Amino acid sequence: MKFWKYFGKRALTWLLTIWIGVTFIFFIPRMFPSDPVETMIGQITARSGSMDPTALEAMRHSLRVQFGLEGSLLQQYGSYLWKGLLHFDFGPSLMSYPTPAGEIVGTYMPYTVGLCTVSTILAWIIGNAIGLLAGFRKDKKISKILEGIAIVIYPIPYYIVALVFQIVFAFILGWFPITTTINNMAGFGTWLASLLRASVLPMLSMLLVSTGWWIISMKSLSSNVAEEDFVQYARYRGLSEGKIGRSYVLKNTILTQITALALSLGGVFNGSIMTEVIFGYPGVGKLIQKAITMSDYNMILATITISIIAISTMTFIVDLILPLFDPRIRYA
Amino acid sequence: MKFAKFWKNSNARVHVGFVITCIFIIIGFVVFYFPHINPFTFNSYANNLNPSPQHWLGTTAMGQDVVWLLIEAIHNSLCIGVTVAFLGTVVGVFVGLLAGFSGGALDRVLSTITDTFIVIPSLPILILMTALMKGTMTWFVMALVLAMFAWAWPSRQIRSMALSMRERDFIRTAEFSGENRVQIIATEVLPYVLSWSLSNFMNAVLNAIASESSLAVLGLSPANLVSLGNMINWAMAKNAIFQKRYFWIFAPIGATIIMFVGLFLLITGYNDYLQARRGR
Chain A
1188 MKFWKYFGKR ALTWLLTIWI GVTFIFFIPR MFPSDPVETM IGQITARSGS MDPTALEAMR
1248 HSLRVQFGLE GSLLQQYGSY LWKGLLHFDF GPSLMSYPTP AGEIVGTYMP YTVGLCTVST
1308 ILAWIIGNAI GLLAGFRKDK KISKILEGIA IVIYPIPYYI VALVFQIVFA FILGWFPITT
1368 TINNMAGFGT WLASLLRASV LPMLSMLLVS TGWWIISMKS LSSNVAEEDF VQYARYRGLS
1428 EGKIGRSYVL KNTILTQITA LALSLGGVFN GSIMTEVIFG YPGVGKLIQK AITMSDYNMI
1488 LATITISIIA ISTMTFIVDL ILPLFDPRIR YA
Chain B
330 MKFAKFWKNS NARVHVGFVI TCIFIIIGFV VFYFPHINPF TFNSYANNLN PSPQHWLGTT
390 AMGQDVVWLL IEAIHNSLCI GVTVAFLGTV VGVFVGLLAG FSGGALDRVL STITDTFIVI
450 PSLPILILMT ALMKGTMTWF VMALVLAMFA WAWPSRQIRS MALSMRERDF IRTAEFSGEN
510 RVQIIATEVL PYVLSWSLSN FMNAVLNAIA SESSLAVLGL SPANLVSLGN MINWAMAKNA
570 IFQKRYFWIF APIGATIIMF VGLFLLITGY NDYLQARRGR
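Chains as they are written, first to last, in the numbering used here: chain A, 1188 to 1519; chain B, 330 to 609.
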């Protein structure tokens, strides 16, 4: 029953991560002196001149209710956990009033999840394949060249790569449109075509950076394993290099890489926020940027809460993949 | 002495990284103090000049000299990076050692919090905090905010180091000879941990600069702070690309890329050196 023990431990970590993260973002805004309601009232009175004091008071009250700022801190916390965490209800969005903020996040989220998932999986497979070759056959010239490229590209932040891609391929060469437009009015075919066209540059730029890391880490792991005695022994037994690579080196390195995959998701998500902002890709990053410029706090809170839940859940799912590859967790 | 050994045992890649890092440190902390007019001031020079002997990288659309703007940006970005890395490393080492050596319930609580901070996507939370502080932010507050996410990774690594060290003979010997915990950690464990912390420190500098510039691109870095990210942000906002002012936009981008690659080469080289010294 080792698997269930493992499962229980991971599930607990999953719930704790969400709880700590969400508690954190609940209390941070309340520790700052700035009050979103007063800021909004300030903006409104500045725009419309003086207002009737009773009307102002009524407005202040209704805004406090909508922002979830009524009642004691503990009541607010309780209702935030109950409404936000269990029902994805964060109150209305202010920039597209009265649509609920949670609903808007729901329409943006699939794009981000798609971008992150596809680029992460592709980067993981390509990077580990190259890294395995580079580490296992480290005397080959091509291995050294590939590793060299990876080392130069990996440390560059996501948004810098995105920016360079945009400047070079969209502005200077003009191969791609400068801003993303996804056409969802003219049927599925047009939508898919425009989505694919818009995704090429964001996808490539994210792929480039994350592949670098997998090449570097897999290379150092597999070159260590390739020097172990059992690999040498397999050679003496006359096994083919391909067989040794697959069943000896790969099997002993893949577990570390799956664990690392789970830990890397947060970073990938950060990268995707920036990539989306640069390319104007209609995902969560773009939404956060819009919400910041419009000072839409309900929306910012909704986006961040749902992001934390999404990332923790993805990490949990990757953790659950691990037993498929690790017999020590499955049996015994 | 130690440095000579490090230099001799490392390859060309590490040498390149070291030289690049030194150049950036000299630009940020020596050249920066050469007398010059405040590069942030608008209309110090004519607008949109091309590169010339007076202005090596030309001037911006606001009449600022790109070279001095870049030097100040490198200075500020390095200051933020070093401050964040210092705070993150100190807290991380402390929490990691505490968790690793205390064990029991305290360890479990600390490790859970640490793991949470590693998994949680940091950027959205940073966005929330900086959005709330918009307008009242200084570079030091920015560094404090970034440091909140810089301690978790070192803490996790130090904890697992501490766990394995706890069982080593020399720690046992020290314990049996009556030294107290704090003394043991200070004299026996810390020197061992610090050599690893240097590599983590450099990594944290990179992460902090990257996070600050990410926030700057979103317009959330202090508006009057000349940093690499803000410089890119301003160039983008003033349509430097449309007007084909490539020196203005590519100067901060290029500087960021060269700095990051250089520091990373140094880090990997230093890690290899540490590994070789441990006899692996």
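It is possible that some hints are incorrect.
[What the hints assert, rightly or not] Restraint-style ranges between C-beta atoms, simulated for each label pair:
#, chain 1, residue 1, chain 2, residue 2, range
1, A, 1414, B, 496, 22 to 28 Å
2, A, 1515, B, 499, 45 to 51 Å
3, A, 1270, B, 344, 56 to 62 Å
4, A, 1247, B, 511, 51 to 57 Å
5, A, 1284, B, 345, 37 to 43 Å
[As the list claims (entries may be wrong)] Computed list of chain A residues with no C-beta within reach of chain B, every gap over 10 Å:
#, residue
6, 1231
7, 1233
8, 1373
9, 1384
10, 1487
11, 1502
12, 1515
These aren't lab readings, by the way, just hints derived from the structure by calculation.
Computed from a predicted model, the values in this text were never measured in an experiment.
Note that beta-carbon positions come from the ideal geometry of N, C-alpha and C, so glycine has one too.
Each hint, compared with the structure:
no.	hint	verdict
1	1414/A x 496/B: 22 to 28 Å	26 Å, holds
2	1515/A x 499/B: 45 to 51 Å	31 Å, violated
3	1270/A x 344/B: 56 to 62 Å	58 Å, holds
4	1247/A x 511/B: 51 to 57 Å	53 Å, holds
5	1284/A x 345/B: 37 to 43 Å	55 Å, violated
6	1231	19 Å, holds
7	1233	15 Å, holds
8	1373	30 Å, holds
9	1384	21 Å, holds
10	1487	6 Å, violated
11	1502	5 Å, violated
12	1515	19 Å, holds
Taken one by one, the earlier hints fail for this structure at numbers 2, 5, 10, 11, listed in ascending order.
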